[in-house]
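K.L.:
Please take these sequences and the hints and turn them into a complete structure.
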Amino acid sequence: MDSLSALFAVLDATLRVSTPLILAAMAGLFSERSGIVDISLEGKMLASAFAAASIAALTGSAWLALLVGMLVGVALGLVHGFACITHRGNQVVSGLAINILASGLTVVLGIAWFSQGGQTPALSGDARFRPLHFPFEEAARDIPVAGQFYADVLSGHNILVYLALLLVAITWWVVYRTRFGLRLRAVGENPLAVDTAGLSVSGLRYAAVAICGALAGIAGAYLSTAQNASFVREMTAGQGYIALAALIFGKWRPVPALLACLMFGFLDAVAIRLQGVVLPGIGEVPVQLIQALPYVLTVVLLAGFIGRAVAPKAVGVPFVKER
Amino acid sequence: MKINTASVPLPAWLEVVVIPVLNIVLALVVAGFIMLAIGVDPIEATVIMVRGALGSDYAIGYTLYYTTNFIFTGLAVAVAFHASLFNIGGEGQAYIGGLGVTLVFLLLDRWLPAFMLIPIGIAAAALFGAAWAFIPGWLQAHRGSHVVITTIMFNFIAASLMVYLLVNVLIQPGQMSPESRQFDESAWLPFMHEFLALFGMDVTRTPLNLSLLLALVCCVGVWLYIWRTRWGYELRTAGQSEAAAVYAGIRPKTVIVSAMCVSGALAGLMAVNEIMGVHHRLIMNFTAGYGFTGIAVALMGRNHPIGIVMASLLFGVLYQGGAELAFDVPLITREMVVAVQGLIILFSGALALMLRPWVVRVWLLFRPPDTLEPAHA
Numbered sequence: 023m024d025s026l027s028a029l030f031a032v033l034d035a036t037l038r039v040s041t042p043l044i045l046a047a048m049a050g051l052f053s054e055r056s057g058i059v060d061i062s063l064e065g066k067m068l069a070s071a072f073a074a075a076s077i078a079a080l081t082g083s084a085w086l087a088l089l090v091g092m093l094v095g096v097a098l099g100l101v102h103g104f105a106c107i108t109h110r111g112n113q114v115v116s117g118l119a120i121n122i123l124a125s126g127l128t129v130v131l132g133i134a135w136f137s138q139g140g141q142t143p144a145l146s147g148d149a150r151f152r153p154l155h156f157p158f159e160e161a162a163r164d165i166p167v168a169g170q171f172y173a174d175v176l177s178g179h180n181i182l183v184y185l186a187l188l189l190v191a192i193t194w195w196v197v198y199r200t201r202f203g204l205r206l207r208a209v210g211e212n213p214l215a216v217d218t219a220g221l222s223v224s225g226l227r228y229a230a231v232a233i234c235g236a237l238a239g240i241a242g243a244y245l246s247t248a249q250n251a252s253f254v255r256e257m258t259a260g261q262g263y264i265a266l267a268a269l270i271f272g273k274w275r276p277v278p279a280l281l282a283c284l285m286f287g288f289l290d291a292v293a294i295r296l297q298g299v300v301l302p303g304i305g306e307v308p309v310q311l312i313q314a315l316p317y318v319l320t321v322v323l324l325a326g327f328i329g330r331a332v333a334p335k336a337v338g339v340p341f342v343k344e345r
Numbered sequence: 055m056k057i058n059t060a061s062v063p064l065p066a067w068l069e070v071v072v073i074p075v076l077n078i079v080l081a082l083v084v085a086g087f088i089m090l091a092i093g094v095d096p097i098e099a100t101v102i103m104v105r106g107a108l109g110s111d112y113a114i115g116y117t118l119y120y121t122t123n124f125i126f127t128g129l130a131v132a133v134a135f136h137a138s139l140f141n142i143g144g145e146g147q148a149y150i151g152g153l154g155v156t157l158v159f160l161l162l163d164r165w166l167p168a169f170m171l172i173p174i175g176i177a178a179a180a181l182f183g184a185a186w187a188f189i190p191g192w193l194q195a196h197r198g199s200h201v202v203i204t205t206i207m208f209n210f211i212a213a214s215l216m217v218y219l220l221v222n223v224l225i226q227p228g229q230m231s232p233e234s235r236q237f238d239e240s241a242w243l244p245f246m247h248e249f250l251a252l253f254g255m256d257v258t259r260t261p262l263n264l265s266l267l268l269a270l271v272c273c274v275g276v277w278l279y280i281w282r283t284r285w286g287y288e289l290r291t292a293g294q295s296e297a298a299a300v301y302a303g304i305r306p307k308t309v310i311v312s313a314m315c316v317s318g319a320l321a322g323l324m325a326v327n328e329i330m331g332v333h334h335r336l337i338m339n340f341t342a343g344y345g346f347t348g349i350a351v352a353l354m355g356r357n358h359p360i361g362i363v364m365a366s367l368l369f370g371v372l373y374q375g376g377a378e379l380a381f382d383v384p385l386i387t388r389e390m391v392v393a394v395q396g397l398i399i400l401f402s403g404a405l406a407l408m409l410r411p412w413v414v415r416v417w418l419l420f421r422p423p424d425t426l427e428p429a430h431a
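Going down the list, the protein sequences come from chains A and B.
Numbering-wise, the numbering used here comes out as the position in the first sequence, counting from 1, plus 22.
Numbering-wise, the numbering used here comes out as the position in the second sequence, counting from 1, plus 54.
It is worth saying that the hints were derived from the structure and are not from the lab.
Each residue gets a CB set at the ideal place from its N, CA and C atoms; glycine is no exception.
A couple of the hints might just be wrong.
[What the hints assert, rightly or not] From the structure, some residues in chain B lie toward chain A, with a derived Cβ separation under 7 Å: (1) L193; (2) V202; (3) G403.
[What the hints assert, rightly or not] Derived DSS-like pairs (lysine-lysine); straight-line CA-CA distance at most 30 Å: (4) A:K273 with B:K307; (5) B:K307 with A:K335; (6) A:K343 with A:K273.
P.N.:
Next comes the structure, spelled out in structure tokens:
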């Protein structure tokens with residue numbers, strides 16, 4: 023394989039592994055921009071992945087699975103909201119509770135329902151989101167570089183990959199160009215001002231955590247019904263936290279967060295390819311180092327050594343309406 | 055009439071005993087409904103769990119072995135909480151603590167006698183755990199990086215580092231599974247059944263070892279540190295109000311860094327139980343989520359050593375009982391305990407105040423007449 027097609031193979035894989043990160047990062051963006059810290063992206067993704075895979079296995083419909091995955095995400099988002107908005111609980115504690123609950127419950131229910139050691143039955147046919155092939159893919163392959171890029175990188179993904187990219191644009195538009203987005207950003211910076219203007223802080227924040235849950239639900243459904251063909255215990259494997267890191271890395275803005283997700287996805291794709299490869303002059307590349315790089319980079323960023331990540335001002339602070 | 059229940063003072067026994075117990079009961083009731091949903095009788099399951107956790111000296115040994123881990127990680131979270139820091143990194147700090155024990159033992163275990171090796175091992179566990187918490191603490195104090203996020207990241211960095219070290223460096227040559235070599239027997243912390251046999255007591259062999267005593271010593275130490283020393287006073291003051299702390303001549307940055315180091319050291323000591331007491335070698339993922347359980351333990355125990363011991367016992371019963379339950383009832387797996395843990399964190403942590411308004415209403419109906427005026431104590 024020449025180096026160009028090797029690069030395209032890595033880019034192709036980058037898109038595939040970045041998709042859940044992108045969806046989860048956009049999910050986190052809505053929540054955190056409204057002032058609700060969300061470390062429970064991981065748990066929501068895991069629970070949705072399980073729900074989607076179960077529904078897909080039972081009904082054979084990937085779309086129904088996606089819908090149920092989103093509903094489960096929204097339900098967990100509302101639990102988070104109930105604890106953090108209504109009862110002004112600690113947002114980190116609530117998020118952690120959801121993560122741990124999802125980690126335990128998916129295995130418990132998986133074994134009780136399917137008795138396959140926590141896995142769900144393998145999906146095939148319409149129960150999965152299958153690759154879409156763009157028109158003229160074969161013809162384009164003959165055109166050097168641009169055509170190969172079109173055929174090998176852009177084409178051949180399932181619809182959720184394209185949906186994720188579209189959702190970044192929609193997120194940008196909603197957050198920066200709509201009335202709801204303005205209010206969302208305001209409630210994350212200065213909820214008292216929003217309250218004074220006669221708007222419901224709780225209502226806005228509940229809307230934000232529900233949207234967050236729905237997007238995290240798509241991310242989960244992608245994992246179990248598109249990228250893989252079943253649910254496997256702990257299949258999120260820290261991707262919810264990587265998405266959170268990407269969100270911070272992108273300074274809570276949609277497009278930079280997308281770029282951070284693509285960068286982390288690229289690192290992951292490279293790490294898979296470099297497994298056991300000996301590079302001249304360097305020796306065998308420690309794959310674990312590349313896998314740890316997103317976390318290390320995020321810490322370095324948070325330490326203020328590469329730019330400054332400034333969180334929404336009111337994030338993590340419960341709002342007490344004055345009596 | 056609508057009353058503002060948040061400003062009604064409740065007597066201490068309601069705040070410290072009744073509300074926390076109600077929260078746990080609520081979590082267990084929800085867990086019961088989950089069991090019903092998968093077709094398991096929760097009453098029967100409870101009986102199996104309690105018998106499996108407390109029914110014999112073998113069961114109690116295992117329960118106390120789990121309890122030991124939870125005391126260490128629970129204390130770790132609690133110390134940081136008193137400084138208003140949320141240390142989610144106990145898992146990584148314990149893992150790195152195990153690295154510390156392993157490094158010194160691989161170097162020294164053939165040269166030194168037990169009475170020197172064991173204190174060195176304990177010190178190494180604490181030191182390495184503290185070092186892994188020092189960096190997030192320093193970054194929080196001096197660069198303003200939020201400790202919650204950095205400790206989460208450090209858990210993952212620790213996991214990657216340990217996989218690398220175990221696969222490439224520390225692995226016993228000529229062996230497939232990523233484990234270090236076994237330490238010399240002189241570096242083993244004595245098992246409780248061996249220790250009790252010295253006094254003529256015959257106890258069934260379990261993983262329980264002398265680190266339980268170390269954990270109890272740490273409880274006393276943490277109590278003295280938080281409530282009876284100048285450092286503890288500074289820690290609580292800085293935790294309550296940074297401005298007040300500065301006004302009182304306390305340096306909050308120093309407090310943040312030292313609180314994180316003490317917290318990390320306590321988490322690191324978990325490796326004394328697992329690595330020095332049970333496995334006698336470094337193994338992959340020996341922390342098994344106990345670092346996260348410490349958060350539930352600290353929340354349930356209200357960050358007080360006595361509460362932490364009781365909460366650790368409850369989680370010890372849940373873990374050991376859960377293992378027996380999974381053994382007896384095929385429909386249930388050990389992960390049920392993880393789900394219960396999540397529910398307890400939700401109800402005693404995030405929803406800790408959910409029931410308070412109701413308790414206040416009941417209290418206002420039934421309170422003794424001499425407490426009509428809000429108490430000042």
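K.L.:
Would you mind marking each hint as holding or not holding in the structure?
P.N.:
How the hints compare with the structure:
1. At its closest, the beta carbon of L193 (chain B) sits 5 Å from a beta carbon of chain A; the interface hint therefore holds under the 7 Å criterion.
2. The interface hint given for V202 (chain B) is met, as the beta carbon of that residue sits about 5 Å from the closest beta carbon of chain A, less than 7 Å.
3. This hint holds: G403 (chain B) has a C-beta 4 Å from the nearest C-beta of chain A, less than the 7 Å allowed.
4. Proximity of K273 (chain A) to K307 (chain B) is assessed by CA-CA distance (about 25 Å); at most 30 Å being required, the pair is judged to hold.
5. Our distance criterion of 30 Å between C-alpha atoms is met by K307 (chain B) and K335 (chain A), whose separation comes to about 21 Å.
6. For the hint linking K343 (chain A) to K273 (chain A), the alpha-carbon distance of about 28 Å falls within 30 Å, and the restraint holds.
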